[in-house]
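Asker: Here's the letter readout for the chains.
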Amino acid sequence: MKRDILYFAWLRERVGLPRETIDTQATTVAELVSELAAREDRYALAFSDPGALRVALDQELSDFTSPLGDAREIAFFPPMTGG
Amino acid sequence: MKRDILYFAWLRERVGLPRETIDTQATTVAELVSELAAREDRYALAFSDPGALRVALDQELSDFTSPLGDAREIAFFPPMTGG
Amino acid sequence: MLDIRVQAAPFDYGTECSNVAKGMPDIGAVVTFCGIVRNNDSGTLQQMEIEHYPGMTERALEKIAMDATGRWDLGACKIIHRFGPLAPGEIIMMVATASAHRADAFAAADFLMDYLKSRAPFWKKERTAHGAEWVAAKDSDETALTRW
Amino acid sequence: MLDIRVQAAPFDYGTECSNVAKGMPDIGAVVTFCGIVRNNDSGTLQQMEIEHYPGMTERALEKIAMDATGRWDLGACKIIHRFGPLAPGEIIMMVATASAHRADAFAAADFLMDYLKSRAPFWKKERTAHGAEWVAAKDSDETALTRW
Numbered sequence: 001m002k003r004d005i006l007y008f009a010w011l012r013e014r015v016g017l018p019r020e021t022i023d024t025q026a027t028t029v030a031e032l033v034s035e036l037a038a039r040e041d042r043y044a045l046a047f048s049d050p051g052a053l054r055v056a057l058d059q060e061l062s063d064f065t066s067p068l069g070d071a072r073e074i075a076f077f078p079p080m081t082g083g
Numbered sequence: 001m002k003r004d005i006l007y008f009a010w011l012r013e014r015v016g017l018p019r020e021t022i023d024t025q026a027t028t029v030a031e032l033v034s035e036l037a038a039r040e041d042r043y044a045l046a047f048s049d050p051g052a053l054r055v056a057l058d059q060e061l062s063d064f065t066s067p068l069g070d071a072r073e074i075a076f077f078p079p080m081t082g083g
Numbered sequence: 001m002l003d004i005r006v007q008a009a010p011f012d013y014g015t016e017c018s019n020v021a022k023g024m025p026d027i028g029a030v031v032t033f034c035g036i037v038r039n040n041d042s043g044t045l046q047q048m049e050i051e052h053y054p055g056m057t058e059r060a061l062e063k064i065a066m067d068a069t070g071r072w073d074l075g076a077c078k079i080i081h082r083f084g085p086l087a088p089g090e091i092i093m094m095v096a097t098a099s100a101h102r103a104d105a106f107a108a109a110d111f112l113m114d115y116l117k118s119r120a121p122f123w124k125k126e127r128t129a130h131g132a133e134w135v136a137a138k139d140s141d142e143t144a145l146t147r148w
Numbered sequence: 001m002l003d004i005r006v007q008a009a010p011f012d013y014g015t016e017c018s019n020v021a022k023g024m025p026d027i028g029a030v031v032t033f034c035g036i037v038r039n040n041d042s043g044t045l046q047q048m049e050i051e052h053y054p055g056m057t058e059r060a061l062e063k064i065a066m067d068a069t070g071r072w073d074l075g076a077c078k079i080i081h082r083f084g085p086l087a088p089g090e091i092i093m094m095v096a097t098a099s100a101h102r103a104d105a106f107a108a109a110d111f112l113m114d115y116l117k118s119r120a121p122f123w124k125k126e127r128t129a130h131g132a133e134w135v136a137a138k139d140s141d142e143t144a145l146t147r148w
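Protein chains in written order, with the UniProt record's numbering: chain G, 1 to 83; chain C, 1 to 83; chain Z, 1 to 148; chain U, 1 to 148.
Take these hints with a grain of salt, some might be off.
[Stated by the list, open to error] Below are the BS3-like pairs computed for lysine-lysine, each with C-alpha atoms no more than 30 Å apart in a straight line: (1) U:K63 with U:K138; (2) G:K2 with U:K63; (3) Z:K138 with C:K2.
[As the list claims (entries may be wrong)] Among the chain Z residues that face chain C by a calculated CB cut under 10 Å, a handful are: (4) D41; (5) I50; (6) V135.
Everything labelled a hint here was simulated from the structure, so no lab data went into it.
The C-beta atom is built at its ideal place from N, Cα and C for all residues, glycine as well.
Using the sequences and the hints, build the whole thing.
Answerer: Structure representation (structure tokens):
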């Protein structure tokens, strides 16, 4: 299934791009992370500590154990620092 | 000793004046209150429930058990409602 | 750093908010509170008259502000309180605190308001077509002080 | 009643404070918070760059504001948050809450800030002569959420 993957802040800088569309068989966030980390060194580095990351499915904060479901847009980023 | 006695809010309205100078032998706030309450009906009414009143000695909040000391200005008023 | 004013004249809340931390590089957070003459439930309030104790008021506000700056790391602390007759919707008073961090600014503003409510010599009288009545102090305002 | 804006442009904090409760007879209390780009201890900060997640940001802020209006009796709730490059001393964001009573206005503003800090998709990067660094989230910001 085709999904848009978005990266923000230092994750965006490590991966080297803000968004990309990939075709994936992953069914959970954790599976998607494993698939991305296996792609290239820069992805492996970016996702080396998933506990330090957050994920949003279609712009809703979610968990790494969540099923991807129909989510079109999956975003990864460091903990937020608003305000 | 001569002391200025001030009244505020509904206490001022009941006593019928905002301030007066009296010559008193009272040595504590409680004694002064008894003396004032004994003067006239309007004072008796104004001071009928001292628990509902507050006192300041020379512009510092104080207690009814406090000695009057050198205080020149003794103010009585209801609980404050600032803000 | 302390800015304390007791006045009959109106003041511009927006302007006072803007200038709390002007030119202070260490400030990351400003909190302001503004109290407004609220109408009663039946909408019949004509006027709120605020009486105060000139001299003691300034001293009490200064003490409260000093207590706040002693407890929290504040770069600025402002209290403006009006007295005299006010119409519904008019601004009664404001406080503003500025700090490096938000927790200090919030706690200090909250503290200022709690003490201002029951330790500063102001009294409110509400006037409607049916007459005038002094606003009674709330027990909850007195117990709020135990938080600190 | 909700006023939520995410923008690169500056806004006038004073004006935004003034108009929170304009024309609302039930409001007795307004609380505002304003976040400012604070310089670092050595005074070498050149710029703070704020990145955000367009679309999700607006949704997250709306959810946080809705949660606040569900928990407290608010007549108005405003959040303005900027993104892009900001200089030291510039205003980053503000929240404002209006209520009949001060306790609701204070609690809601404090709540909005706690959730905004760690549940709205903003990230800050600080630039000095020595390079740029992403601001790390603080554990204390995450634990602050357990207060609510």
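Asker: Now look at each hint and say whether the structure bears it out.
Answerer: Tested hints:
{"no.": "1", "hint": "U:K63 with U:K138", "in the structure": "22 Å, holds"}
{"no.": "2", "hint": "G:K2 with U:K63", "in the structure": "28 Å, holds"}
{"no.": "3", "hint": "Z:K138 with C:K2", "in the structure": "35 Å, violated"}
{"no.": "4", "hint": "D41", "in the structure": "18 Å, violated"}
{"no.": "5", "hint": "I50", "in the structure": "9 Å, holds"}
{"no.": "6", "hint": "V135", "in the structure": "5 Å, holds"}
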